[in-house]
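Protein sequence lines, in the order shown, are assigned to chains A and B. Numbers 1 to 110, taken from this note's numbering, label the letters of the first sequence in order. Numbers 1 to 113, taken from this note's numbering, label the letters of the second sequence in order.
Hint data in this document are derived by calculation from the structure and do not stem from the laboratory. There's no promise every hint is true.
[As the list claims (entries may be wrong)] DSS-like cross-link-like pairs, simulated, lysine-lysine; straight-line CA separation at most 25 Å:
(1) A:K42 to B:K9
(2) A:K97 to A:K56
(3) A:K67 to A:K97
(4) B:K9 to B:K71
(5) A:K97 to A:K2
(6) B:K9 to B:K70
(7) A:K97 to B:K71
(8) A:K97 to A:K70
(9) B:K70 to A:K97
(10) A:K97 to B:K57
(11) A:K56 to A:K67
(12) A:K109 to A:K42
(13) B:K57 to B:K71
(14) B:K57 to A:K2
(15) A:K70 to A:K2
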Amino acid sequence: QKEVEQDPGPLSVPEGAIVSLNCTYSNSAFQYFMWYRQYSRKGPELLMYTYSSGNKEDGRFTAQVDKSSKYISLFIRDSQPSDSATYLCAMKGNTGKLIFGQGTTLQVKP
Amino acid sequence: NAGVTQTPKFRVLKTGQSMTLLCAQDMNHEYMYWYRQDPGLGLRLIHYSVGEGTTAKGEVPDGYNVSRLKKQNFLLGLESAAPSQTSVYFCASSTGYSNQPQHFGDGTRLSIL
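Isolated chain B, as found in the complex:
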């Protein structure tokens, strides 16, 4: 029962470097989401996808890009990392029906120096 798997679990970057966070789900969910969690601000939606090949902006999309080439995978990219992007990133997935909840991975801790 893997559910939602995020890799890597932890990463340290220097300002200006790029990286990609990977999210994989094995529940055949249509919808996938990327959130960031910061102290005092809670969970904020970065980008989401309602199906393979589709993406949409969430509440805080600036500085991030995403791709959903396969139904089971959702990638979050940072093209030029900034210290303000230091955060814990969570991926989630759901069936897409409005009455169904989201299921979360265990997060990626990202520090930008």
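Only chain A is shown next, with the shape it has when bound in the complex:
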């Protein structure tokens, strides 16, 4: 069993839809949770970062962490074609090593 599981998709939604991206994990030592966005032929760029259970909002993006269920989510409101990318969840504990999900490919159609 992988430490981090992420549905690879692809996920296709119409412009303006609410998108929900999810990851589950098995290691209870994970304390820091990140979402990276990766455009085609580019490196991952940090989108959201949180280290506690609960919600963190940044514009149209909301990151949610539920440590009791070992489940994290990224919500995108009013999705735009420019949001089309691969979204990678990542997490780490005190070892500092980052463990990535497989990535979910999102396409937002105009």
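Use these hints to put chain B onto chain A, whose structure you have.
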């Protein structure tokens, strides 16, 4: 704002050839990492360094060597390239504090024929 710069961006090699991928960061980060990204497998850590002159193995180190002679540079070497090493390679860096994220370069696309 260069951040993390990788060279070259693209390379084609023949089986058995050697090459070195260069990563440079201008953020004064202590930690640097090399990952490979393959379809269905995600990002996997090859080697990493927690400071100048130090290196350590990651999840998939076989067939690769690394060196960190200068704080700002991290080199990844393939001594005898194999088709299984065809991949996209990403370098990343971070401050080293466990609560700080990693910052990535734009990758090197490597094809081994």
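Hints versus structure:
1. Among the hinted pairs, K42 (chain A) with K9 (chain B) is consistent with the structure: their alpha-carbon atoms are about 10 Å apart, no more than 25 Å.
2. Under the criterion of a C-alpha separation no larger than 25 Å, the hint pairing K97 (chain A) with K56 (chain A) is consistent with the structure, at around 23 Å.
3. A distance of roughly 19 Å separates the Cα atoms of K67 (chain A) and K97 (chain A); the hinted pair therefore holds under the 25 Å criterion.
4. With a C-alpha separation of about 22 Å, the suggested pairing of K9 (chain B) with K71 (chain B) holds against the 25 Å cut-off.
5. Of the pairs offered as hints, the one joining K97 (chain A) and K2 (chain A) holds, with about 15 Å between alpha carbons and a cut-off of 25 Å not exceeded.
6. For a cut-off of 25 Å, the pair hint linking K9 (chain B) to K70 (chain B) stands: about 21 Å separates their Cα positions.
7. At most 25 Å may separate the alpha-carbon atoms for a hinted pair to count; K97 (chain A) and K71 (chain B) meet this at roughly 19 Å.
8. Restraint check for K97 (chain A) and K70 (chain A): the C-alpha separation of about 18 Å stays at or below 25 Å, so the hint holds.
9. Between K70 (chain B) and K97 (chain A) the alpha-carbon distance is near 22 Å, which keeps this suggested pair within the 25 Å criterion.
10. Annotation: proposed proximity of K97 (chain A) to K57 (chain B) holds, straight-line Cα distance about 11 Å (limit 25 Å).
11. For a cut-off of 25 Å, the pair hint linking K56 (chain A) to K67 (chain A) stands: about 14 Å separates their Cα positions.
12. Proposed proximity of K109 (chain A) and K42 (chain A) is supported: the alpha carbons are some 21 Å apart, at most 25 Å.
13. With a CA separation close to 18 Å, the supplied pair K57 (chain B) and K71 (chain B) stays within the 25 Å bound.
14. Restraint check for K57 (chain B) and K2 (chain A): the C-alpha separation of about 19 Å stays at or below 25 Å, so the hint holds.
15. Our distance criterion of 25 Å between C-alpha atoms is met by K70 (chain A) and K2 (chain A), whose separation comes to about 13 Å.
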